[in-house]
Amino acid sequence: MTAPTLAVGVIGGGRHGAALADHQAPLPDVRIARWAASPGGADVPFVREFAARIQVPFSREWEAVARDPELRAILVLGEAGSATAAAEAALGAGKAVFCAIPAATRMEEMNRLTGAASGGRGVFLAGGTVRLSPGGRAALALIGTDGFGPVHSVFASMRLPIAGNGDRLTSAQRPVLDDAGWDLLDFVAAAVPAQASRVHAHLDALFGSGAMDTAVSIIRFENDVIATIDVARCLPASFGASADGDVEVEVIGGREAVRIEPGATAVRVHAAGTAVRPWIDAPVISMLSELAAAATGGTPAGDRVAEVRRAVELMEAIRAASARPGART
Amino acid sequence: MTTPVKAGLIGCGSIARSAHLPALRTLRDRVTLVAAADLNVDAARAAAGPWGAEAYTDGREVVARPDVEIVVIATPEAAHREWTEAAAAAGKHVFCEKPMASSLDDADAMIAACRGAGVQLMIGHSRRFTRRYMEIWRAIDRGEIGAVRLVRENERRPGARAGAPGYYTGAHWTGDPAVSVGAALTNGIHEADLLRWFVGSEPVAVFAEQKITVEGNRGVPDFVTWTVRFANGALGSSEISNCLPPGYPAFHQFEAYGLRGAIRARDHELVSLTWFREGAAEYPESTHILLHNQTAYVREHAAFLDAVRGGRPLPMSPEEARAALRLALAAVESAQAGRVVLLADESSRAVRA
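One line per chain: the protein sequences are U and P, in this order. The first sequence begins at 1 in our numbering and counts up one residue at a time. The second sequence begins at 1001 in our numbering and counts up one residue at a time.
You can take every hint at face value.
Result set (EDC-like, lysine to aspartate or glutamate): computed pairs, CA atoms no more than 20 angstroms apart in a straight line:
(1) P:K1211 x U:D224
(2) P:K1211 x U:E256
(3) P:K1006 x P:E1069
(4) P:K1006 x P:D1058
(5) P:K1211 x U:E222
(6) P:K1211 x P:D1176
(7) P:K1006 x P:D1029
(8) P:K1211 x P:E1333
(9) P:K1006 x P:E1085
Worth flagging that the hints you see were computed from the coordinates, not collected in a lab.
The shape of chain P in the complex, shown without the other chains (with noise of 0.2 angstroms):
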């Protein structure tokens, strides 16, 4: 039996604590947490003590220790270029949390720094890892509904609850202008990632609209819906909104349109309990699911494994995550300038190595 992998965390928050801690532990046979860090050191203690790890509130302390293998970066995205640069230069692999970067030149930084080591990079797009998008591309890498030509995702979460840290609150730093760019990133990247694993083709023009909707929002667009031509000449499109009361189902809604045929996914139809009350239905569990698909971790988390101990390939490269990102930012650039924003063919463009 191998030497469980000895990993540090850098950034102890909501996503750490419902997702990639959990599935670290699944997997405490191939991975132990040793160090733990978080300018919070209440959260750093939080998620350190029951691994017996190291508490810090410095991330440098985290990389600097050499028993540290993998570094997993789960900070907002604006923190992403530095650990990962740190990590790569004390030679440790890193598994950061999507999205990639906040910029392009903070993704072509990245990557060229775990080259540059000799060091894996994976971003985590958890919903490649999910059982029905896995079972989605399957069948459409099989062609069993033809080109595709048409695909949309909508997502939909609710807003805050009373006492809760919601999404694009001024309690939440999704909602700091001065470290989020706003649903486009940090929920649209998602969207952005699975519409070009699906399409096969890279986006050629993005036109997205983006506004605040959601209570409390100090200015950090939180509501975005965007179309994307791809090369192909397929259609793209995703509309998200997090803003929507108690009791509205939280889902993500998939539809894949081929010449052959057509795959539709919708999580809400996955919850066997509406509760009627008077004046409203619930979905109790709907949030729940869709926020806490533990498997999903799991298998990212396992193949970033497989990848730096047994020598097997990321199932999704660095270069693919900065495609999204790359989409992401169009819809970013289109929904600030009020126009299409055509992308140029990146084909020969070489990743700074």
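One chain only, chain U, in its complex shape (with noise of 0.2 angstroms):
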């Protein structure tokens, strides 16, 4: 006798649609049962392509999604500020629910959703990209060795198309902070389980899209870490990188260091030509993994809803810290 599948509903789609839509049976217990469009429906055309693609119902209906009583769990793709609201819906119902962008990027929407997992029967999972691909979660798990010493500082870079991601995101408008600035935010509020005590940061638009596209800052923690974050949509069409980013972060401690660059375990395949499958690939797996877990009883790792809560005070404080004089010309 099998194990019956677990329906899953996904709402949105942006780039880790591209890649979950890539995977026919991504996990073998695990059957993506419908699949919404993000709250104010601007990835509609790419999401209805991803379902598509997998065979499954789509719908413009995402609190249908969100509420479906087929579906016990429910995973948050998409645009980056649609994930609020798709979020508490579904934590409402008394979903699984794993958020893959920022599931809120400012304390008003963050308390919702706090609101919402706490008065709820529901189970909230988040996590980005960087901290989900296999060297993010080996360096999170080295570095909570003995041996590796006291962290030092933690370096993160995120390099992004400048014309935003092509067909896949409706992004490049965003804040790049709101953004892609998240899935740093949420490495860092995993590496270093302290509070700010120093924020300095620029939020800028130097690349000529109008958009927020820079995002710089340097943030001192209150058990001595310092972090520096660098995150800009300054990549030039030729430059190749993936739409996912060209990512490197470094953790330095007293006796060990960890350098990973997510981007350079993308599986190349050669065929008939030469593709890329995007490094998020791993990552989008592994939160539909975690998603499935946490549904079927298992015990989430760690306290989700508290880190994510650290990593938006984190936004808050930059955007702050980015109005100082000096941050700005």
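Fit chain to chain and form the complex, with the hints in mind.
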């Protein structure tokens, strides 16, 4: 007798959705049952295509999917800025929810999410692609060991194409902090379990799109760790980076140090042509796996609500710091 | 054939041994060492011996020699002003290791002394003479990436190894709080100079954090990270770490993003051999390549000799070195005060003559 498959609903598309749509059956005991566009509907064309690719029903009604009684788990992907409403609705309906994009970018959103997570029967999970990449996981495991020594510093950088992510994302006009910045802050929040004591930041529009395409910040934490976080949509088309970003992260400890470049883990497939499976492929499968475990009674790793709250606090602090004299031209 | 320029060396420590003396050796048809001084007489003798030069324990004896035409100063930066003023007063041209000084007052005095004496003063910002940075500057100067908007250079160096007097330990002058300001000057002066050079604008705001990470450090910040806002709106940033464990690749990692393109250069990608051992990967040559970029030192000394003997302009004025120092010192001030340091426009300010 085989275990029943878990029916999962997906809300949103984006780069994560593109990676997910490459898999007809990403996990043996998980079935993608419905796929809805993000609240706001900006990603309708892409999500429709993704759903068709894996032959699941597409819906414009994200709330209906979030509350669908057939679904026990909801994976929230898609456009940054749309996640809070989707996650809130699904948590309220008692679902296990994994949020791959910023579950909240403001404390007001975070408080709504916290209320939904604590008031219902749902389980809330979240995590960005850097943290969930094989390198990110290994790094976080390593720095938790005695042999690593005290963490001195964290450096995290992400470079994205100036033009945004082609036909998959609608986020080129969003502040890069609220989008890709989340992936790095999520990793930093997991790597440094402390509050920020001093933050300096530049949020700027440097590359001609008019959007806040650059976010460079230095954070000193109460435990004396210093993090430098540098994210920008600054790559010219000729650079050849994937739309998933060119990422590097270093964590330097008292006795050991670790450097990860998630992009280096991309799978290059040589067939009739040459294709590169996006480096976020593995993190997206990890999200689905964690979601399935939580939905079937497994214990979520760590207090994700608290970690997301800390990442949102860092975002707020960065915004505040960027308004101080000297931060802007 | 012209007679080689006669040089005196003050300070015979690690940078003299690893960089300046080998560079002078390469240029021996154009320059010859006739005198070397160091408080450590053995170091002075080791420097002087191969040249048949005189060894001294007091730099004043080098400066006083009538045959010395140029003085190469390779002491810690706290002593740069003293020896520059002494050399200039004696009519000697001065080549001085970076950073120019440990204060702007000292830098101004050095410029004034050399200008007043009519002698050349060049500060050894060796990275400007490194092939890759020369190529990067030419590409930017040709407009190949458009206006530069975002620049980053990170630097990683391994910590002390057993039996070696590593940077920022008590066994090395960089770790002596009496003479060393820390990573913002010792390493960061390179980044300060490169950011200015590539952005092509003056800094207007600096924020920095620094800390101590090297085991055995006696109180000199060995880690620094900073962001710089330039007058043209561009952003620059650097992070320097000196405590990496053995086996971690040493590198200078540079990236510049412009409105029409990008340039990236990573030293650790030039290291072809990665040695995977149980539990670790090692990059056997990375430190060697990074710290012994001999051709850069040869180029900077050759350029100085061209100015002294050939009447060519210096490739980098002392005012440029002072500007880099100003940026690095602002970073130190920011880190100490925990706030942004705003830099006033100095474009109309004449350096004391």
